[in-house]
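S.K.: As a plain string of letters, each chain reads:
Protein chains: 6
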Amino acid sequence: MPTIRIELFEGRTPAQKADFAAQITQACVRVLGGSADSVDVLFFDIARSDWSTGGVLWSERALPGAD
Amino acid sequence: MPTIRIELFEGRTPAQKADFAAQITQACVRVLGGSADSVDVLFFDIARSDWSTGGVLWSERALPGAD
Amino acid sequence: MPTIRIELFEGRTPAQKADFAAQITQACVRVLGGSADSVDVLFFDIARSDWSTGGVLWSERALPGAD
Amino acid sequence: MPTIRIELFEGRTPAQKADFAAQITQACVRVLGGSADSVDVLFFDIARSDWSTGGVLWSERALPGAD
Amino acid sequence: MPTIRIELFEGRTPAQKADFAAQITQACVRVLGGSADSVDVLFFDIARSDWSTGGVLWSERALPGAD
Amino acid sequence: MPTIRIELFEGRTPAQKADFAAQITQACVRVLGGSADSVDVLFFDIARSDWSTGGVLWSERALPGAD
Numbered sequence: 000m001p002t003i004r005i006e007l008f009e010g011r012t013p014a015q016k017a018d019f020a021a022q023i024t025q026a027c028v029r030v031l032g033g034s035a036d037s038v039d040v041l042f043f044d045i046a047r048s049d050w051s052t053g054g055v056l057w058s059e060r061a062l063p064g065a066d
Numbered sequence: 000m001p002t003i004r005i006e007l008f009e010g011r012t013p014a015q016k017a018d019f020a021a022q023i024t025q026a027c028v029r030v031l032g033g034s035a036d037s038v039d040v041l042f043f044d045i046a047r048s049d050w051s052t053g054g055v056l057w058s059e060r061a062l063p064g065a066d
Numbered sequence: 000m001p002t003i004r005i006e007l008f009e010g011r012t013p014a015q016k017a018d019f020a021a022q023i024t025q026a027c028v029r030v031l032g033g034s035a036d037s038v039d040v041l042f043f044d045i046a047r048s049d050w051s052t053g054g055v056l057w058s059e060r061a062l063p064g065a066d
Numbered sequence: 000m001p002t003i004r005i006e007l008f009e010g011r012t013p014a015q016k017a018d019f020a021a022q023i024t025q026a027c028v029r030v031l032g033g034s035a036d037s038v039d040v041l042f043f044d045i046a047r048s049d050w051s052t053g054g055v056l057w058s059e060r061a062l063p064g065a066d
Numbered sequence: 000m001p002t003i004r005i006e007l008f009e010g011r012t013p014a015q016k017a018d019f020a021a022q023i024t025q026a027c028v029r030v031l032g033g034s035a036d037s038v039d040v041l042f043f044d045i046a047r048s049d050w051s052t053g054g055v056l057w058s059e060r061a062l063p064g065a066d
Numbered sequence: 000m001p002t003i004r005i006e007l008f009e010g011r012t013p014a015q016k017a018d019f020a021a022q023i024t025q026a027c028v029r030v031l032g033g034s035a036d037s038v039d040v041l042f043f044d045i046a047r048s049d050w051s052t053g054g055v056l057w058s059e060r061a062l063p064g065a066d
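Residue numbers (numbering that gives the first Met the number 0), protein chains in the order written: chain A, 0 to 66; chain B, 0 to 66; chain C, 0 to 66; chain D, 0 to 66; chain E, 0 to 66; chain F, 0 to 66.
Keep in mind the hints are simulated off the structure, nothing from the lab.
Predicted model, so just to flag it, every value in this text is computed and none were measured.
All residues carry an ideal CB built from backbone N, CA and C; glycine is no exception.
Everything hinted at is true.
With beta-carbon atoms standing in for the labels, derived distance ranges:
| # | chain 1 | residue 1 | chain 2 | residue 2 | range |
| --- | --- | --- | --- | --- | --- |
| 1 | B | 25 | E | 14 | 43 to 51 Å |
| 2 | F | 32 | D | 29 | 17 to 25 Å |
| 3 | A | 29 | D | 61 | 53 to 61 Å |
Calculated Cβ distances over 12 Å to all of chain C for the following chain B residues:
| # | residue |
| --- | --- |
| 4 | 54 |
| 5 | 59 |
| 6 | 61 |
Isolated chain A, as found in the complex (with noise of 0.2 Å):
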């Protein structure tokens, strides 16, 4: 029944995506339990005009490459 929300910088390919929730997928059954089906994965792409850390957006900052 885990639903799981990950939020991250866009950017990321499809197939990452698919990975990384085959992954967290594969890591939950394993270690929670239950069924594979039952494992939800939501991707959020955030900008980095929409995220801040320390006060300040990572649109704005030098080192874009960050993360």
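Start from chain A and add chains B, C, D, E and F according to the hints.
M.R.: Same frame as chain A, now just chains B, C, D, E and F:
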């Protein structure tokens, strides 16, 4: 005061969302009491490439209509 | 597949939640289509000391019954 | 460590978000302690057609400027 | 920077959560890149009386072990 | 209309939350406009045993004061 968030596959029409929000709000007032004005409903459209069940993204499934 | 999260003041009875979840699920199927089994509803009880409107926690208001 | 999520009507400028994130972060450090670097703020733009209050979507109201 | 929220039935042990968080974090670094330190995982225990599927709270089902 | 959710380690006092909510609300009105009454702030206390950073729960770290 209830705040209600709904995550659903993208593709529903504004009319469907308006109808669903109205019905939820009415049910909320009927069951929980309080005034309709205190009920907020927010919709979050999720792409099938951002939602995995059972470790597989819905965008990768053969039966795209399932929901 | 819709997932519905409801934040509300603590104090509602299990019967109220059961009734509300059933009505939301029925409305979801009626308006959006899909099967009832694909609809998840989660309740989050929020203490009045954890919810502020207009900059004032509800636990500090004179009229405690408002919702 | 606080993580702060803000849902607001779409249309605010990046400068407004940057300013708001900075002020929230400063208030967080001032009131709760901890370092600014541990404070994350995320913005979620919500279309008026995805937000209902009182059972009516904001996109369907006569007074579009309300917020 | 990914932030991961997990809603699951209450009752899992701290050891299970620690194990699951570690595995998710490792998968995140492996698949998405970035450093482990930038990955936050938060668990939300949900009572069976606060989670409905198909319009029925899990606390009201005959088979309490399902998850 | 902004709705603001704050996840933070449990242990803050009601006075701290009241102060923080008031300051956020004031900043919201100042920067984004709108009325204070339209600003909701919700706090979610997270146990250190439910929050992992870098793959390690905060309840398992030597320095318990960090936040």
